[in-house]
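Here the structure of chain C is known, so what remains is to put chain B in place on it, guided by the hints.
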Amino acid sequence: MARSLGLTEARVVRSEWLKFWSLRSRFVTLGISAIGVAAIGAIAAGVVDASALDGDPAARAAVASLGVLPIVLGVLGVLSATNEYAGGLIRATFAAVPSRTPVIRAKALVLAAIATATVAATALAAYGLGALTYDGGAAYGSPFDGDVIRFVGAAALEAVGYALLGLGLGLLLRNGAGAISTLMGLVMVVPIVVSLIPWMSDTVGPYLISSAQMAVAGSGTDDLLPVPAALAVFAAWVAVPLVVAVVVTRRRDA
Amino acid sequence: MIELIGLTKRYGERTAVDALTLTVRPGEVTGFLGPNGAGKSTTMRLILGLDRPTAGRALVAGMPLAEHRAPLHAIGALLDAKGVHPNRSARNHLRALAATTGIDDRRVDEVLRIVGIEGVSGTRAGRFSLGMGQRLGLAAALLGDPTVVMLDEPINGLDPEGIVWMRKMLRHLADEGRTVFVSSHLMTEMALVADRFVIIGRGRLLADLTAAEVQAHAVQSVMVRTPDPISLRQALCAAGATVTADGSDTLAVTGLDSASVGRQALRAGVELHELTPVRSSLEDVFVALTQDAVEYSAQTPAVAA
Numbered sequence: 015m016a017r018s019l020g021l022t023e024a025r026v027v028r029s030e031w032l033k034f035w036s037l038r039s040r041f042v043t044l045g046i047s048a049i050g051v052a053a054i055g056a057i058a059a060g061v062v063d064a065s066a067l068d069g070d071p072a073a074r075a076a077v078a079s080l081g082v083l084p085i086v087l088g089v090l091g092v093l094s095a096t097n098e099y100a101g102g103l104i105r106a107t108f109a110a111v112p113s114r115t116p117v118i119r120a121k122a123l124v125l126a127a128i129a130t131a132t133v134a135a136t137a138l139a140a141y142g143l144g145a146l147t148y149d150g151g152a153a154y155g156s157p158f159d160g161d162v163i164r165f166v167g168a169a170a171l172e173a174v175g176y177a178l179l180g181l182g183l184g185l186l187l188r189n190g191a192g193a194i195s196t197l198m199g200l201v202m203v204v205p206i207v208v209s210l211i212p213w214m215s216d217t218v219g220p221y222l223i224s225s226a227q228m229a230v231a232g233s234g235t236d237d238l239l240p241v242p243a244a245l246a247v248f249a250a251w252v253a254v255p256l257v258v259a260v261v262v263t264r265r266r267d268a
Numbered sequence: 037m038i039e040l041i042g043l044t045k046r047y048g049e050r051t052a053v054d055a056l057t058l059t060v061r062p063g064e065v066t067g068f069l070g071p072n073g074a075g076k077s078t079t080m081r082l083i084l085g086l087d088r089p090t091a092g093r094a095l096v097a098g099m100p101l102a103e104h105r106a107p108l109h110a111i112g113a114l115l116d117a118k119g120v121h122p123n124r125s126a127r128n129h130l131r132a133l134a135a136t137t138g139i140d141d142r143r144v145d146e147v148l149r150i151v152g153i154e155g156v157s158g159t160r161a162g163r164f165s166l167g168m169g170q171r172l173g174l175a176a177a178l179l180g181d182p183t184v185v186m187l188d189e190p191i192n193g194l195d196p197e198g199i200v201w202m203r204k205m206l207r208h209l210a211d212e213g214r215t216v217f218v219s220s221h222l223m224t225e226m227a228l229v230a231d232r233f234v235i236i237g238r239g240r241l242l243a244d245l246t247a248a249e250v251q252a253h254a255v256q257s258v259m260v261r262t263p264d265p266i267s268l269r270q271a272l273c274a275a276g277a278t279v280t281a282d283g284s285d286t287l288a289v290t291g292l293d294s295a296s297v298g299r300q301a302l303r304a305g306v307e308l309h310e311l312t313p314v315r316s317s318l319e320d321v322f323v324a325l326t327q328d329a330v331e332y333s334a335q336t337p338a339v340a341a
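Line by line, the protein sequences give chains C and B.
Adding 14 to a residue's 1-based position in the first sequence gives its number in the numbering used here.
Adding 36 to a residue's 1-based position in the second sequence gives its number in the numbering used here.
Chain C on its own, in the form it takes in the complex (with noise of 0.2 Å):
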C-alpha cells in the first residue's frame, strides 16, 4: 500500500464518522427530528398573533420549537458510546486505537459538527419555511432582528453541550437506558424538582444546565445568571463528565 499506514487523529474522526453515519437510524432520527421542527415552525409563524409578540420579529415564532433538537442530540451523544459497549465492539475498537482518549475526542469532534448542522439547517428551513406561512400585520423579521440569531445560536450551544454530556454519561455508564435517564433526569425533572422547592430554586436554580442554557438564550426571567457566568456554568456541566469520562475509560478494563 503507498499511503503510509499508522493512527493519526484525523484517521480516527474519519472511523467515527462512518460509524455514525452508516447506521441508517441515525438519518432516520435526525432527518424526522429537522423536519418535525421546521413543520411546526412554519405552522407557529402562520399563526403568530403580531399584536402579542411584544416586540419580538415574528421569524422568533418559526425557530422557536428548535428546543426540541438538543434533547434529540443528547440521546444520540449517549448512544454513540453505549452502542458500542452493547456488543463488544467497544474492544476492537479500543485495541486499534490502544490510547483510547482519540476515539473519544473524535466521537466528541463528530457529534459537535453534527449538532450545529442539523440546528442550522433546521433553522434556516424553519425560517424560511415561516417566512412562507407567516401573513400577520408586523414585518417578519430577517435572522438579524432581535434576539432570533442569538436564540438559535444558543440552541446550536446546547444541542453541542447536550450531545457531549450525553457522551460523557454513556462513557460512564455503559448502559443506553440508565444513560439516557439520567441525561433526562439532568435536564427535565432535575429542574422541576428544584423550581418546586423555594429555598432551592433561588439557591441552586440558576446553575442547572437548563438555566443556563435560558440565560444565554435570552429566554429566561430576572433571576438568572448573567450571559458570561450562565456560559461558564453551562461549559462546565458538560466538561466535568466528559473529562471524568475519559480519566475513567482511560483506566478501566474494555
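I should point out that these hints are in silico values taken from the structure, not numbers from a laboratory.
From the three backbone atoms N, C-alpha and C, an ideal C-beta is built for every residue, glycine too.
One-sided and incomplete, this derived list gives chain C residues near chain B with beta-carbon spacing under 8 Å:
id : residue
1  : L32
2  : K33
3  : R38
4  : V111
Structure of chain B alone, referenced to chain C:
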C-alpha cells in the same frame, strides 16, 4: 511474536492469570488450550491492552501494543464474533475499523473475499449466523495484514466445512511467517492444526509443548477381543504386558505393540476376533495435565475415553 513476562491479572481475590511467562513464535500455529475459566480470554485481552495487568508485561512484536504506530498492523485479533453493531453492515463495520490507520476500501473488499462473505457484505451484521460472525471477525483481524493473528475460539459456531476452511486458513497464515495464536477448548481440533500447544489452568502455565512432545506424552495401547481372554491374558502378562479387562471378551494391553500382541496370541494358540492399536488423543494428554487445575469440575468426574 508475542511475549508474556510474568503476566498477572487479579480481579479482587480471584487470580485470572497467574505469572504467565510465554513466547508465541512466528511461523507456527500455537494452540492455546485450557478448560473454561482457565484465563485464556483474559490473557488475550491483556495482550491487546484492553485489560490492565496487575503485574508483568505483554509485548507484541517487541513492545506493548499501545506503543505501536499502527496497532492493526502489529496484531489482528478476533475476540468475540458478536462484537459488531447489529445494524451496521459487515462492510461498513470493517471500513470504520480500517479508517483508524488509513487502510483503504480496496483492502476491506479484499478481506471480505478472503473470508468468503463478500456476497453478504451489505447485510446487517445482526443477521449473521455465529459462523458468519466468526468469518467477519477474522476479516477484521486480517485488515491490517498483521504480523500476529490472535483468535479466541474461532471454531465456535462454524459448520464442518467452515472448520476445515478455518484450519487451512490458520496453516496458511503461519506458513506466511505470521505468529498465529489460537485459543480453543476443542483439543481434537487443535491437534489437527497446531504446531505447538500451550496449556493453562487456573491462570497458570501447565505445559508448553511441540506437537512431537505431545505425541511422546501420548500412551499407546492395544485393544484385543478374543473368546478366550483368560489364556490370552496369561500369555501377555508372561511377555511383560500390563493387561486390564474391558468387558467380557476384550482386553486393553499396554507395554506391547499390536504386532507383539498378535505374535503372543499365535504362540498361545488363542483365537483373536479383533486387534486394534489405540493411541491416546491430545484430549487424554490434556485431561491428565489439567486434572488438578480444572476450575469448575463436574460433580461426578467424567471418565477419560
